[in-house]
Amino acid sequence: MNDETKKQINERYEKQLNKGERFWPDTIFRDLIMSVGIFVLLILLATFIGIPAEPKADPSDTSYIPRPEWYFLFLFKFLALYGQLPLIGKIEWLATVLIPTLALGLLTLLPFIERSPHRHYSKRVLPISIMTVMVVGIILLTMTSEVPTVAEDGSTLLGTLQTISGIVIPVVAYILFFVFKNNTRLMLWTTGLAATAMIILSGTVLALAPEKEAEETVVATTLTDQITAGQDLYSIHCTECHGDDGSIAIIEGVEGLEGEKITPINSRDVLYTITDASMIELIAYGRPNAGMPPFGKTYGGELSKSEIDYIVAFMRYLWDDRFEAPVIKPLFPPLADGEVPSYDVHIQPIVKRYCISCHRPGKDNNNYLMTTYEEILTTGDHAEFNIIAGDENSYLLQTIQEKIILDENGEEIIGVMPPTKALKPDVVDVFLRWIMNGMPQTAADAATLSTTPSP
Amino acid sequence: MWKNIYLWLDERIGFNDLYKNLLDRPEPKTNWWNTLGSASLFLFILQGLTGIFLTVYYTPSPDHAYDSITYIMEGVAFGWLIRGIHHWGATLMVLVVFIHMLRVFYTASFKYPRELTWLIGIGLFLTTLGMGFTGYLLPWNQKAYWATTVGTQIAGTVPFVGEFILKALRGGPELSALTLQRFFAAHIWIIPAVLAALIGIHLYLIIKHGESHSPTKED
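Chains as they are written, first to last, in this note's numbering: chain F, 3 to 457; chain A, 738 to 956.
For reference, chain F alone in the conformation it holds in the complex (with noise of 0.2 Å):
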């Protein structure tokens, strides 16, 4: 760039200040609205949006799918269906380095490259139009990260057709570009041409992308929640041999560990001496030769990092008498006279407590699995008869009010449920007051089976 035409932009800038504004107050009035627009959005975001719970990190789990941040999963995404190409696909390098360093590189030192002196749009139909796909290109990779190259039924149809839009039709521009390198009508009409087929392509991408299963996972963030998490989960994995309270020094009822003597795990002996960490691993490992098994997934067990967290939160504070335990929600809302229980308000949780820790699968319990609505009405090997409607004879009511159930030859086939220990006379009645009343499923269901009854 010669003086002449550095004079020459200078007095062209000077003429727009001439028609201008003041820095002060013009400029930085506009500039202090979008930052309080900004201000306000975040404090929007933040109050009902707010920061989606996650689950502590957990290196152990290797069934999480790892994404990068959402601003990188363009790239993420680019590198995935790189990988699908022939030949070159193979050579990770290529894409993983030399392409975003070569991006990267041009952009830059972009005004270097772009050496004329000319500004306006006109004037700068290539630079523009090869920025204006890159742009088109990169907005449509994020919002195509979460389709998956490879379908679950092995079809690559998906993957073919992002690697057209995300790749090929990119490229192919990009040689045209410099093939009408003169022409700026021309190559106008490939970036619109290039555009429009690569938003179509992701569009279609979009609209025939599996539905994404929402995963549930669940994060107990106040220290309440992660009690009540706690002892479900305490529930499930260690009531059969540890009781409900903790309290079994001699194992009774569990094949294979029957009659062992364990140290009861409520005790001050325990709780005093055993910190957090210690409790943690202890449970993440197990004690293989004291028969207790691991529970932590990294030792090949069920249980989160997280959850493993919950319960040894559940432990401190409800039974080591240095802790002041929160108020906690009772199980279940206590039932009013007349009002009927519904499955997933007041038998979804009981059941979750005293039962799932045997009636799941891999236990020995006739067949009988009671972690879902479905499965408690229509298990087991007397599906018939553990719940009638309306019948007080149903196998579970007779079972937890400790009745054993005997067949024609007086031999017994379902003991006392629970084995260990009873239910509580309000739960039993929440159970006869749902099965009398015809095992209403939701709220709303068992709102229109309750009366009101007359003083």
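Hints in this document: simulated from the structure, not taken from any laboratory.
Hints are supplied without guarantee of correctness; some may be wrong.
[What the hints assert, rightly or not] Label pairs and their calculated CB-CB ranges: (1) A:850 with F:86: 43 to 51 Å; (2) A:814 with F:276: 28 to 36 Å; (3) A:898 with F:331: 50 to 58 Å; (4) A:927 with F:96: 28 to 36 Å.
[Claimed, not checked] Here are the simulated DSS-like pairs of lysine-lysine, each with C-alpha atoms no more than 27 Å apart in a straight line: (5) A:945 with F:9; (6) F:125 with A:954; (7) F:17 with A:766.
The structure presented is a predicted model; accordingly, all values stated were derived computationally and were not measured.
Every residue, glycine too, gets a C-beta built ideally from N, C-alpha and C.
Once you have looked at the hints, place chain A on chain F.
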């Protein structure tokens, strides 16, 4: 009394010069797209302030990071708001800086005499991404842990020096307490210091050359 203090300060600082050089400058006609640079600066300051509050309670160790964040969200008065602003502010800052860069590109504001402003701007863009990348790990939750795992893995594919970069980022072959510690140091000291210095140069250059005008047919 106040007048005397003002006069004493004015003698030493020179409010009038400040006003003339910083505020009372002519500018070409600007529009809403021109506010994005100052919006980025505003977000940087906001992130700094909320970030300082967060460090009061945050503990950068794998054993306590997650719990300290839970405490900020549940136990500290307005902790949820401060962290909410910091969280969304980070997202918005990346977005605003990126759009600001696009604006500069499309209006060709990076041309003479503002080439250096552009170079510094690229530095600002990269450091902003660096802030996002290092900050993302700090809550030490599943999302953070695995995002950083893949992020550093990508850096590890560089030919020849990839393994060195990977180990330097993670402080070892695996993500560990060291990774968290150095990401924390980078997030609250190293990168912000670089960012602040670059912002200073960027602002000086903007005041020196003035904001560019929207390109006209003549340009």
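Quick rundown of the hints versus the structure:
1. A:850 with F:86: 43 to 51 Å: About 46 Å separates the Cβ atoms of residue 850 (chain A) and residue 86 (chain F), which means 43 to 51 Å holds.
2. A:814 with F:276: 28 to 36 Å: holds (34 Å)
3. A:898 with F:331: 50 to 58 Å: Check passed, 56 Å falls within 50 to 58 Å.
4. A:927 with F:96: 28 to 36 Å: Given about 30 Å between the Cβ atoms, the range holds.
5. A:945 with F:9: holds (17 Å)
6. F:125 with A:954: Within the cut-off at roughly 9 Å; holds.
7. F:17 with A:766: Holds, because 11 Å separates the two Cα atoms, which is no more than 27 Å.
The structure shown violates none of the earlier numbered hints.
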